[in-house]
Amino acid sequence: KEIKACKEFRSAFSDDQIDLIDENQFLETQKLDSQELDAHNLMLKRLSHELEERKQLCLNLEELKRRKKTLKESVAGKQKLLDGIGSALTSLKKATLPLQEQLELPHTQKAQQKRLAAL
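So for the sequence shown, this note's numbering puts the first residue at -13; every next one is plus one.
Warning: the hint list may mix true and false statements.
20 Å max Cα-Cα, derived EDC-like pairs, lysine to aspartate or glutamate [stated by the list, open to error]:
no., residue 1, residue 2
1, K17, E39
2, K41, D5
3, K31, E48
Label pairs and their calculated CB-CB ranges [what the hints assert, rightly or not]:
no., residue 1, residue 2, range
4, K(-13), H26, 18 to 24 Å
5, Q65, F(-5), 30 to 36 Å
6, S(-3), K41, 20 to 26 Å
7, T56, H35, 39 to 45 Å
8, K41, D8, 16 to 22 Å
9, K64, E14, 18 to 24 Å
10, L47, T15, 41 to 47 Å
11, L47, Q16, 19 to 25 Å
These aren't lab readings, by the way, just hints derived from the structure by calculation.
Idealized CB from N, CA, C, for every residue including glycine.
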């Protein structure tokens, strides 16, 4: 009785629920012959293959997350630098005003006039 029950056992999870690749596709990719394997061994090989694939995908995901974090930090550092440049340029303009007047180069005044004319 028990042997018969074991042989007739059907899993509560179908291939679709587990999200396994199609049996034919698996046989093609692994270069296996379906006549050489019984249903149980075929399922074991498919599950093993799926496990390895998912482990590799998890590793790829972790690597991508690390890369994303590194890129975010890099972008944040560059953004901080760019944010500071605006105030540094304004300070530089103010500091060069006396020199512009001495050399009669009213660059800042012309830039302000152009900006006002554009408005």
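Hint by hint, here is what the structure shows:
no.	hint	result
1	K17 - E39	holds, 17 Å
2	K41 - D5	holds, 15 Å
3	K31 - E48	violated, 26 Å
4	K(-13) - H26: 18 to 24 Å	holds, 20 Å
5	Q65 - F(-5): 30 to 36 Å	violated, 59 Å
6	S(-3) - K41: 20 to 26 Å	holds, 22 Å
7	T56 - H35: 39 to 45 Å	violated, 32 Å
8	K41 - D8: 16 to 22 Å	holds, 21 Å
9	K64 - E14: 18 to 24 Å	violated, 47 Å
10	L47 - T15: 41 to 47 Å	violated, 22 Å
11	L47 - Q16: 19 to 25 Å	holds, 24 Å
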